[in-house]
Every structure is written in structure tokens, then in C-alpha cells.
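Number of protein chains: 2
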Amino acid sequence: MAKKFIICIDLGGTNLKVALLDLNYKIKDREILSTRSFMEKDDLIQGIVHSVNRFIKYNALSKAQILGVGLGLPGPIDAKRGIVHFFPNIPGWKEVALRDILRKKLSLAVYLDNDAKLMTLAEHKLGAAKGYRNVLCMTLGTGIGGGIIINNKLYRGFNNAAGEIGHLPINEKGAPCNCGALGCLEAYVGNQRIIKEARKTFKRSITLEELSWLAIKRNRLAIAVWRKTGGHLGFALAGVVNLLNLDAIVIGGGVAGAGNVLFESIKQALKDQAMSVQAGHVKIFKAKLGNEAGLIGAAIMVKEGL
Amino acid sequence: MAKKFIICIDLGGTNLKVALLDLNYKIKDREILSTRSFMEKDDLIQGIVHSVNRFIKYNALSKAQILGVGLGLPGPIDAKRGIVHFFPNIPGWKEVALRDILRKKLSLAVYLDNDAKLMTLAEHKLGAAKGYRNVLCMTLGTGIGGGIIINNKLYRGFNNAAGEIGHLPINEKGAPCNCGALGCLEAYVGNQRIIKEARKTFKRSITLEELSWLAIKRNRLAIAVWRKTGGHLGFALAGVVNLLNLDAIVIGGGVAGAGNVLFESIKQALKDQAMSVQAGHVKIFKAKLGNEAGLIGAAIMVKEGL
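Line by line, the protein sequences are chains A and B. The opening position of the first sequence corresponds to residue 1 in the numbering used here, with each subsequent residue numbered one higher. The opening position of the second sequence corresponds to residue 1 in the numbering used here, with each subsequent residue numbered one higher.
Next comes chain A alone, as it looks inside the complex (with noise of 0.2 Å):
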């Protein structure tokens, strides 16, 4: 029989990856597109059609080997039905059908779901948190994305919108949120609120990445910065591991950059604020996959059929 494979794209407000990924979980081939370069909801579907075919040609595969096609994807999904709700960061999506579509347009198994889901399935399996049964993952970006694994298992609660750590609130008469409500925890620790903070410290406009390099440099500045953004972290996480006696935490994205000053921070500040019986058995890790995690999650829902 001949040897089978999975296609996974990972869809972000910037770019676009596809890539083929055998049952193993190791990526073959991959390409990266811009998302900003379809613009529309019907040109990007295309593009993902055009995308899959040509990895289909190009690596000299036929559609028999391939076991499915998986997307994660940045907004609200209904994975049973395979409908994205909307995208927060991309317009013209509202109720759509992209599972169907797809399966017709491509003659492929597809699977979809929201990307911090899939992230949380590929570092409970392969990453930081395997091993752990009760775990929450958590990406740091613009926005606060999360998922839950409960008894080693995705938990999506009712209609698969588990998982939002970053609208916890932790402040009655907080920051306002784009989510409309008042002082959760993204209105403290989101990419935007940071970068704010930061150029308020330095007097002076600041990315991320030279705040997080500032900081590994022992800039006191910046130390300060990430040790404020710790605190909120670690502030709402103590209430998470209160509530749910987790295993682990594992946390991803950009922010997490950071390093040793920002975990060290979280850590502090979640030993201050939470129980020692729930405080004192969590383990608080970096995420270890990377950019990759939402391609291998979307391999594992299609291999696992979830």
C-alpha cells in the first residue's frame, strides 16, 4: 500500500501555510502564503484549492494517499459542522460552510478547527505537555487564544468556545476589552497593550521582539515591562489553577519570546495568588513547537478523526 499523508494549513491574519506532513507527524513539504494577498473570502479559497493540488502534483502523490485535509483557523469554529462562525482579524466571513465547500472542491476528507485548539492538541501529544492529563495551552499575540485538555482529551464544552483564557477577567473596573467587556485578561497582556506599556517606559516607539531582546540583554527597563505583563499572567492563571487543579500550563506564541524574565514572573505571581495544593503541583512551560504547532495539531485531528 502505498504510503499515506495528511495536508495542513494553518491560516493567520498574515500568512497563509500549507504544508504535507506524513503519519508521523513530520513536515515533507511546505509553502507560505500571504493571506492578505486573496482578497476575498472566494480568492482565498481558491488559493487553499490551488495550494493542495499543486502539493498533490508536485510531490508525485495520488489523492488515495492523501487521508485528509486539516485547517486551523483564527476565529470561532463549529468543528462538528465544519462552519467557521467569523474571523475577528479577516473580513467577509460570516456562517460559512468551508468544510463542504472544500470536500467538493477537492474530493478530500477535510477537518477544521480554531488554531489555538489545534496548538493545544499538538503540545499535549508531541510537546511540552505530553504526558499531562489536565492541561490548559495558551498563545500570546494580538489576541489571547487557548484550549483545555481534560482526562487527555480536546475539551471543547458546549459548542466548541472553550478555552478563552484570554477573556478572563481579572479587573472589576479593568481596561476595556475588544470584546466589549471590562478587564480581561487580553486587555492587560495582549501584543497591542505591551507594545503601549512599552513605549510609555521607554519614552520612545518599541517592537516586541527588541523589547524581548532588551530583556534577555538584562535592559532594567525592560525587565520591568515583562515582569508587569508576568504579573497579570500568572494573577489569572492562579484562578485557573484554583478552578481546575491543572497538571500544566504550557505557553506559546510571540510574546513567549520573552524568556526566563516572563516565566519567572508568571511563576511568582501564580505562587502568590494561588493554593499551595493546587499551586504547588502545576508545571508552567514554554511551548516547544513553535510556528509548527497549528500544522501538527491539524495533522492530528485529520489522523485522529477528533
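Hints are computed from structural coordinates only; laboratory data are not their basis. Some clues are possibly wrong.
The calculated BS3-like cross-link candidates involving lysine-lysine, where the alpha carbons are at most 27 Å apart (straight line), are [stated by the list, open to error]: (1) K267/B / K130/B; (2) K283/A / K173/B; (3) K130/A / K105/A; (4) K217/B / K173/B; (5) K153/A / K130/B; (6) K286/B / K125/B; (7) K173/A / K173/B; (8) K153/B / K283/A; (9) K63/B / K105/B; (10) K28/A / K105/A; (11) K173/A / K271/B; (12) K153/A / K203/B; (13) K267/B / K228/B; (14) K125/B / K28/B; (15) K94/B / K3/B; (16) K125/A / K94/A; (17) K283/B / K80/A; (18) K267/A / K303/A; (19) K288/B / K173/A; (20) K173/B / K200/A; (21) K153/B / K130/A; (22) K80/A / K3/B.
Based on these hints, arrange chain B on the given structure of chain A.
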């Protein structure tokens, strides 16, 4: 075959309730003792043993007819190994292997767990959350207890410490909590805190019962106190709902007696603060089984061998 029964014990800081239940969870006999009449740990254990033996004798039962003894206890419990870690409000208990002690003295199967977890089991199987798959149950009192049902099963977390909704923090620079942390929900809606708030509002001392009664009579000041309490609760629950995409939340305990005013403000705050998909789905219920929830939950634990 002779009919089988379960003997259940619900230990509180004030009362020790003992009851005989049949396998349909109907209470056939009961007694209430004063916890404080037992001065020492060993007296309390002996009191439980005598009470169980009395129930068997006066109901003309044989030990073979007792499926087991179930205890609901006011503190952290290692349910698997049957160990009481400690009781916050009853001195003298520290790492007590209560299950083994009682098994030996009674020659009966013995099960123990935290009282809020047993209330959760009861409300899910027979009470307000019957038929709901993912549920948070909470009891409002001096402390705030809680339990979580995930996929129709009690979720314990790593060391049976999950469910501590009272220690979900809601303000980073908030009021100090008995647990040593800052801004926990319990520091805003625990009984002592509500009484303090009411005393400030009414400029005299006032009981929770009177405060509830006044609210039902539409007293403006009492309503304001309950609205504020409901606001804190709804804010915290919004975070839980965003994180867990729950089907239902059940609220019990003395304070829940304040009725509509409290529940309406919880619902309003939740609606204002939670994301629309999650908030639109979750139901908020008043607990249904009242004071019997602990006893019924203990019987469920024994019957289902949980």
C-alpha cells in the same frame, strides 16, 4: 434478598447530619447532632460510629443490608485514599485516614469526599443540573465551595482540589482573602463580607436572613446590597463561562435564599461581561436539593462507587 440501604453523614462546622437512604436516594430516617458537642477528633469519630450503629439497630437492619457509609466533609479530601487533609473550621484534624479508621470500627464500606463535590454530584444527578453535560455548582456560605461536572462526570483535577471557584480572583489589588491571596471572589461574597457590607449600608447590625427578607419585601437598601453581591458573582462567573463554555451553573447555600434580586443581578453581570456565544448558552439555576444535597450526594458516591 433483603432491601439495601446507604448511611450518609454530612459534617458541617455547626451540625452533624446522619441519614439512612434507600437506593432510590429517598431519606428513610435521619438525625441531627451538634458538631460542637464533640470536643476532640476521637469523640467525633466515636459519635459517627455510634450514630451509624444506632441507625442499623433502630431500623432493624443487618449490616449486610448496608451498601456502605458515605461522608461529606468540610475540607480538602483525598477521596481515592480516604484521607482528610484538614478542616478549615474544625480544629484537630490533619492527614487523618478517616476511611480506614471507620472501616475498621464499622466493618462496612466507607467513602468520603468534600461536601461541595457531593452537592455537585447530587444537583447533577437529581437536582437543578439534571441533564446538563458541563456544569459548575457552587455553594455560598462563610466559604464559597464548588464542584465541576465535565462530560457528565465529576471533574476532580489532579489531587481532588478542582472546583475552588471561591478563590478565582476578581481584582488584582483587591481585598485580602482568608486563603492568603488578594481579591478572591470569596473576599467579596462570603457571608461575613455581605454582613459587613449590609451593616455599613443599614448603619446597624443585621443578619443575612433579615437582609434576604427585606430584599423580598423590596427594601431599597437590601436590594442594593444583593445587587452588588450579584455583580461580583456574575463577573467571576463570566470568566468561568468564557473558559469552560458551560451548559449550566447551579448556585446554592444560605445566601441563595435572597432569591430573584440576587439571581437577576448575577445574570445581568454575566451577560454584560461574558462573550456572547458562551453567555447565550449557559443557564443559571438555583440549587434544588437544599440542605439534603450533601446527604444525597454521599449516597450517590456510595451507590456508584465514585
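Structure-based check of all given hints:
This hinted pair checks out: K267/B and K130/B have alpha carbons roughly 20 Å apart, not beyond 27 Å. With a C-alpha separation of about 25 Å, the suggested pairing of K283/A with K173/B holds against the 27 Å cut-off. Among the hinted pairs, K130/A with K105/A is inconsistent with the structure: their alpha-carbon atoms are about 36 Å apart, more than 27 Å. Using a Cα cut-off of 27 Å, the hinted pair K217/B and K173/B is violated, with the two alpha carbons roughly 35 Å apart.
Our distance criterion of 27 Å between C-alpha atoms is met by K153/A and K130/B, whose separation comes to about 24 Å. A hinted pair counts as satisfied when its Cα atoms are at most 27 Å apart, and K286/B with K125/B qualifies at roughly 15 Å. Distance restraint check for K173/A and K173/B: the Cα-Cα separation of roughly 11 Å lies within the 27 Å cut-off, and the hinted pair is therefore satisfied. With a C-alpha separation of about 25 Å, the suggested pair K153/B and K283/A falls inside the 27 Å cut-off, and the hint holds.
Simply put, K63/B and K105/B have alpha-carbon atoms about 13 Å apart, close enough for the 27 Å limit, and the pair holds. Taking the CA atoms of K28/A and K105/A, the gap is about 24 Å. The hint holds against a cut of 27 Å. Pair hint K173/A plus K271/B holds up; C-alpha atoms about 16 Å apart against a cutoff of 27 Å. Restraint check for K153/A and K203/B: the C-alpha separation of about 53 Å exceeds 27 Å, so the hint is violated.
For the hint pairing K267/B with K228/B, the CA-to-CA distance comes to about 12 Å; that is within 27 Å, so the pair holds. Proximity of K125/B to K28/B is assessed by CA-CA distance (about 19 Å); at most 27 Å being required, the pair is judged to hold. Between the alpha carbons of K94/B and K3/B the distance comes to roughly 37 Å, so the proposed pair goes past 27 Å and is violated. For the proposed pair K125/A and K94/A, the alpha carbon gap of about 32 Å is over 27 Å, so the pair is violated.
Between K283/B and K80/A the CA atoms are separated by roughly 22 Å; this keeps the pair inside 27 Å, and the hint holds. For the proposed pair K267/A and K303/A, the alpha carbon gap of about 35 Å is over 27 Å, so the pair is violated. A threshold of 27 Å between alpha carbons decides the hint, and for K288/B with K173/A the separation of about 33 Å lies outside it, so the pair is violated. This hinted pair checks out: K173/B and K200/A have alpha carbons roughly 22 Å apart, not beyond 27 Å.
Proposed proximity of K153/B and K130/A is supported: the alpha carbons are some 24 Å apart, at most 27 Å. For the proposed pair K80/A and K3/B, the alpha carbon gap of about 46 Å is over 27 Å, so the pair is violated.
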